[in-house]
Amino acid sequence: MALHEKSPPSPSLSKRGTEGGILEQAGRLTRQRFGRTIQLYAPLYLSNECIDICRYCGFSLENKITRKTLSVDDTVREAEHLLNQGFKHLLLVSGEHPRIVSPKYLKEIANHLKPKLASLSIEVAPFVEDDYRELVQAGVDGVVIYQETYDQKRYQEVHLAGPKKSFERRLQAPENAARAGVRRIGMGILVGLSDWQEDLARLIQHIRDMKKKYWQTEFTISLPRLRPCASDYEAPSPVSNEKYLQMICLVRLALPDVGIVLSTRESSEFRDQLISVGVTHMSAGSRTEPGGYLNPKEAEEQFRIEDKRTADEVAAAISSRGYEPVWKDWENIL
Amino acid sequence: MLLIADKSFSSRLLVGTGKFPSGEVMRESLEASGTEIITVALRRIDIAQPEKDILRFIDRNRFTLLPNTSGARDSKEAILLAHLAREAGLGKWLKLEVIPDPQYLLPDPIETLKAAEQLVQEGFVVFPYIHADPVLAHRLADIGCPTVMPLAAPIGSGRGLKMREAIRIIIEQATVPVIVDAGLGSPSHACEAMEMGADAVLVNTAIATAEDPIAMAEAFRLGVEAGRKGFLAGKAEEKLKAEASSPLQGVIYGTS
Ligand code: SF4
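Top line first, the protein sequences correspond to chains A and B. FYI, the numbering for the first sequence is 1 to 334, going by the numbering used here. FYI, the numbering for the second sequence is 335 to 590, going by the numbering used here.
I should point out that these hints are in silico values taken from the structure, not numbers from a laboratory. There could be a bad hint or two in this list.
To be verified - Lysine-lysine pairs mimicking DSS-like chemistry, simulated, CA-CA at most 30 Å apart:
hint, chain 1, residue 1, chain 2, residue 2
1, B, Lys426, A, Lys114
2, A, Lys212, B, Lys448
3, A, Lys308, A, Lys68
4, A, Lys104, B, Lys410
5, A, Lys212, B, Lys410
6, B, Lys448, A, Lys211
7, A, Lys213, B, Lys410
8, B, Lys496, A, Lys212
9, A, Lys213, B, Lys496
10, A, Lys211, B, Lys410
11, B, Lys410, A, Lys116
12, B, Lys448, A, Lys114
13, A, Lys114, B, Lys410
14, A, Lys107, B, Lys410
15, B, Lys496, A, Lys211
To be verified - Label pairs and their in silico Cβ distance ranges:
hint, chain 1, residue 1, chain 2, residue 2, range
16, B, Gln455, A, His81, 38 to 46 Å
17, B, Lys496, A, Ser319, 33 to 41 Å
18, B, Lys563, A, Phe270, 50 to 58 Å
A quick note: this is a predicted structure, and the numbers were derived from the prediction, not measured. Where a beta carbon is used, it is the ideal one built from N, C-alpha and C, also for glycine.
Produce the complete structure using the sequences and hints provided.
Printed below as a string of structure tokens:
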């Protein structure tokens with residue numbers, strides 16, 4: 001039914017999800033809290049240098065790949081390319097390399113980018129509270145840090161060397177960020193690493209605990225599924241589309257006011273399907289190698305993208321499902 | 335007529351612009367609602383990219399724009415946003431929202447009052463979004479806010495007049511128009527608020543996220559009109575026992 005037709009609501013949605021099942025209930029809760037809107041963002045890969053060995057990641061130290069780190073100028077050029085496509089929310093991503101991708105480097109980039117953007121998030125190595133505080137002052141308003149898995153045994157099996165080996169250090173990072181006044185904190189698990197039910201339950205509990213303690217902080221959740229990359233690592237606990245859909249619904253029911261972020265790791269058809277279920281933020285037109293927007297394939301990507309559509313194509317797909325693609329939903333002066 | 339600051343309005347329904355499925359549906363819904371005042375979140379406005387901006391769907395000659403400070407967690411941030419609105423040429427009318435809690439989105443009374451004081455002094459026409467707190471409503475009216483906007487229930491919850499008693503007190507004591515804001519989920523909720531004597535209501539989620547937002551906008555318009563008429567007509571007294579609508583006194587039975 002077209003949205004503007006003046007006929008009574010279709011029975012499936014008007015039954016408030018009780019008979020329609022959790023799919024509809026999750027969709028309804030999402031619409032109530034976030035409306036029929038999807039916020040668009042783009043990842044900007046700064047560096048694939050990394051001193052960790054993580055078995056599932058293309059950037060892992062042991063992989064013989066072309067390494068590259070963008071200069072501040074390169075980064076500004078990549079960002080401008082994204083701005084021209086309409087993006088106002090950027091996520092800076094990099095491997096873990098304390099010397100190359102340092103808080104100082106990130107601060108400099110933030111100082112350059114912030115005036116042009118609505119919001120700037122980082123998905124890099126964990127930092128201590130003071131570093132986060134300085135980054136906040138430079139204009140970083142979001143920090144994304146996934147625990148990958150809450151199963152400590154599996155965590156040790158896949159994180160073979162480097163600072164990321166410390167489960168505790170990673171677990172502490174969201175709190176460091178929250179205490180430093182970061183507005184939005186993204187948390188998540190790498191789906192496929194371990195039993196999804198166990199991991200999801202622990203992640204939800206972790207977010208609930210954080211929400212109580214840091215009641216002024218906004219949280220988002222992301223459930224990236226393991227994708228093929230230079231490591232050729234097979235997911236030990238793969239999750240089907242059907243189960244993945246269930247995971248999104250469970251998150252929505254458990255955390256009605258938490259944004260759900262969906263990357264281009266998923267296929268275009270599946271992403272389109274997830275729009276009306278619970279997702280609130282989507283990346284689009286992504287490249288996962290540093291410098292990849294202007295100079296693709298000069299460096300190795302972190303993982304292979306599934307949804308290869310351009311930003312405008314994704315926006316059109318969102319519109320065609322009766323949702324509004326939102327390019328800007330923040331103000332950089334805040 | 336609803337008189338706020340120096341302007342009069344015939345519609346008593348204010349509509350928010352967030353959460354609509356598209357700009358076109360929003361535009362048609364605004365039309366169907368009959369509204370004359372609409373709020374837009376400053377954080378959604380992108381002056382640099384007008385072709386992707388929410389404002390392009392709003393005819394500013396027809397509607398009074400009420401930019402809101404959503405996203406502000408304290409008075410400092412709200413004031414920054416207000417200044418941004420002024421610099422962007424969005425006028426001096428401003429819906430003041432100071433919300434530090436992203437879960438229930440409840441406003442901070444202390445920071446709201448602080449921001450309102452400064453903004454009124456700077457010449458802004460401040461519409462403060464508040465908890466249904468009668469004393470705070472007094473304080474805000476005293477410092478020069480032309481209206482107060484108590485919430486009926488948390489934003490977007492659609493739970494209706496959960497703060498009924500406090501809102502009743504605010505209305506009873508108000509020296510400025512009272513606009514019931516947030517939490518109204520259905521046209522009957524809006525009608526009820528108007529019957530209680532609210533001067534206007536503001537609705538967003540209930541319209542924007544309805545399955546048919548345009549029809550819902552119209553339904554809210556009718557609800558507000560019915561409630562207002564009901565209020566003006568003066569409600570008949572409530573009684574415990576039945577009373578026939580055609581009095582029987584004087585009618586003689588069984589004589590023919
Ligand atoms: S997951 Fe992160 S820390 Fe591990 S190898 Fe990849 S980039 Fe480095």
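Now the hints, each set against the structure:
| no. | hint | verdict |
| --- | --- | --- |
| 1 | B:Lys426 / A:Lys114 | holds (27 Å) |
| 2 | A:Lys212 / B:Lys448 | holds (26 Å) |
| 3 | A:Lys308 / A:Lys68 | holds (23 Å) |
| 4 | A:Lys104 / B:Lys410 | holds (27 Å) |
| 5 | A:Lys212 / B:Lys410 | holds (24 Å) |
| 6 | B:Lys448 / A:Lys211 | holds (26 Å) |
| 7 | A:Lys213 / B:Lys410 | holds (23 Å) |
| 8 | B:Lys496 / A:Lys212 | holds (24 Å) |
| 9 | A:Lys213 / B:Lys496 | holds (27 Å) |
| 10 | A:Lys211 / B:Lys410 | holds (23 Å) |
| 11 | B:Lys410 / A:Lys116 | holds (22 Å) |
| 12 | B:Lys448 / A:Lys114 | holds (28 Å) |
| 13 | A:Lys114 / B:Lys410 | holds (19 Å) |
| 14 | A:Lys107 / B:Lys410 | holds (24 Å) |
| 15 | B:Lys496 / A:Lys211 | holds (25 Å) |
| 16 | B:Gln455 / A:His81: 38 to 46 Å | holds (44 Å) |
| 17 | B:Lys496 / A:Ser319: 33 to 41 Å | holds (35 Å) |
| 18 | B:Lys563 / A:Phe270: 50 to 58 Å | holds (51 Å) |
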